[in-house]
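For the record, the sequence lines run as chains A and B.
The first sequence begins at 1 in the working numbering and counts up by one.
The second sequence begins at 1 in the working numbering and counts up by one.
Honestly, the hints are just simulated from the structure, not real lab data.
Errors might be hidden in some of the hints.
Simulated pairs of lysine to aspartate or glutamate, EDC-like, Cα-Cα distance not exceeding 20 Å [said to hold, decoys possible]: (1) A:Lys263 - A:Glu174; (2) B:Lys127 - B:Glu80; (3) B:Lys127 - A:Glu125; (4) B:Lys127 - B:Glu106; (5) B:Lys127 - B:Glu170; (6) A:Lys263 - B:Glu80.
Going by beta-carbon spacing under 8 Å, a handful of chain B positions derived as facing chain A [unchecked claim]: (7) Asp47; (8) Asp49; (9) Pro50; (10) Ser52; (11) Trp56; (12) Gln60; (13) Pro67; (14) Pro68; (15) Arg72; (16) Ala75; (17) Ala82; (18) Trp84; (19) Arg141.
A virtual CB, placed ideally from N, CA and C, is assigned to each residue, including glycine.
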Amino acid sequence: MDLIRLSPFDLALAAVLVVLLAGVTMWARMGVGRTLLIAAVRTVIQLLLVGLVLQTLFDHAHLGWVALMAMVMLAVAGYEVMARQQRRFAGMWGYGIGAVTMFVSSFAITVLALTTMVGPSPWWEPQYSIPLLGMLLGNTMTGIALGLDRLTQNVWRERRTIEGRLALGASWSEAVTTMRREAARSGLMPTINAMAAAGIVSLPGMMTGQILAGAPPVEAVKYQILIMFLISAGTGFGAIGAVWFASSRLFDHRQRLRLDRLKPGRHT
Amino acid sequence: MQPLLEIRQLRTDRLGPVDLRVQPGELVQITGASGAGKSLLLRAIADLDPNSGEVWLDGQARDALTPPEWRRQVAYVPAETAWWGDRVDEHLPADWARDDAESFLERLGLEHGALDWEVERLSSGEKQRLGLLRALLTGPRVLLLDEPTANLDLENTRRFERLVRAWMAEREAAALWVTHDTQQRDRLGGRILTLSDGRPEGTSWT
């Protein structure tokens, strides 16, 4: 089975649909028409660029280039996590907490999967390593961003409760435990929901892609199951780690709640 | 006599320096205009805000205790108490004694069943009285009271004052009491520390 190649004309036809949608949203004064068009243009440019980069990477497969690509992806994901916080940590912590926990969870799980489960040769073969890392980072990023955002919002809103508990002799960890649990849970929920609905409500994107590319459905499904498990582990451990790490950073060595370490983000 | 609470050069970014010695059984009133730093002083003593300086309790330095140990001994009761559980008794320390609790409830004019009440239905005055009870049950040596009777009628205010005074006498404990009410000031008596712009105006003895 061969992949049917898409012509620029095919893409242009699909683009007409997006332009039509933008027209309707403008007519209805929904205020998202411009944003929608900009996002569509960004998709085209970003994906074309990444296609070129990946093509070059595949043609010149070398561990150094793969590592560089991985670091760039991590850097961008770290920025995204920070940008999605309404109240993020001031200074380098705002970037560092997300980036470090993402690095630990996504990279560790990608390397583990490449060396023990998928087993390409060499283990860092870009055709496998980059898409795998990309899917893990993308999902882990969402989980960590949700968890951190929920944590800082809850702590901000319930600061009187936290200080009330501290004043009665609770440790910082006891004082923040309900907010921390809830934040970690909200980081995990999208992944759990995606696993529960997979195949019934929606066909996962990666599997669909492999089937379109001509892979036998059962093989595609096996890959999808592997990816789902990896994503759950990466997102779950990442979100829990980030929330724990961030909650400890909200208190100082004398167990005082330090909301001055947060600052309002750009998206308020 | 060794003071129960001794504060030397206590500062935060908006407070101090404050020096203060409080004897066992002594009540010190804190007054001053809004924003003068009354709450900041109590919060700094309880170590809830970053601060510098030395605080000693019964000859023991604050830094020698863990923050939870310190805050159980030096109990801060804010003007608006926070309640996070569904029922009142979820907010009591793990080792609370029923006899003590019932005695405090009676003296505050509340029925014994008040510990089973739902937090949702508490009035602001009930929250203030139960906030004191909750703090007393942790067994503190010093009470830091931040306008604790602002939502109480005169009868309950007097009950509150009598309970604090009696409790201080029983335990040789001390209290710092922030108040604006001039009649309460006369009833409470004791030394008055007036703050202005984060600094004491000089203690007066009454």
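Going through the earlier hints one by one, which of them does the structure break, listed in rising order? Per hint list: 1, 3, 5, 6, 10, 11, 12 and 19 violated.
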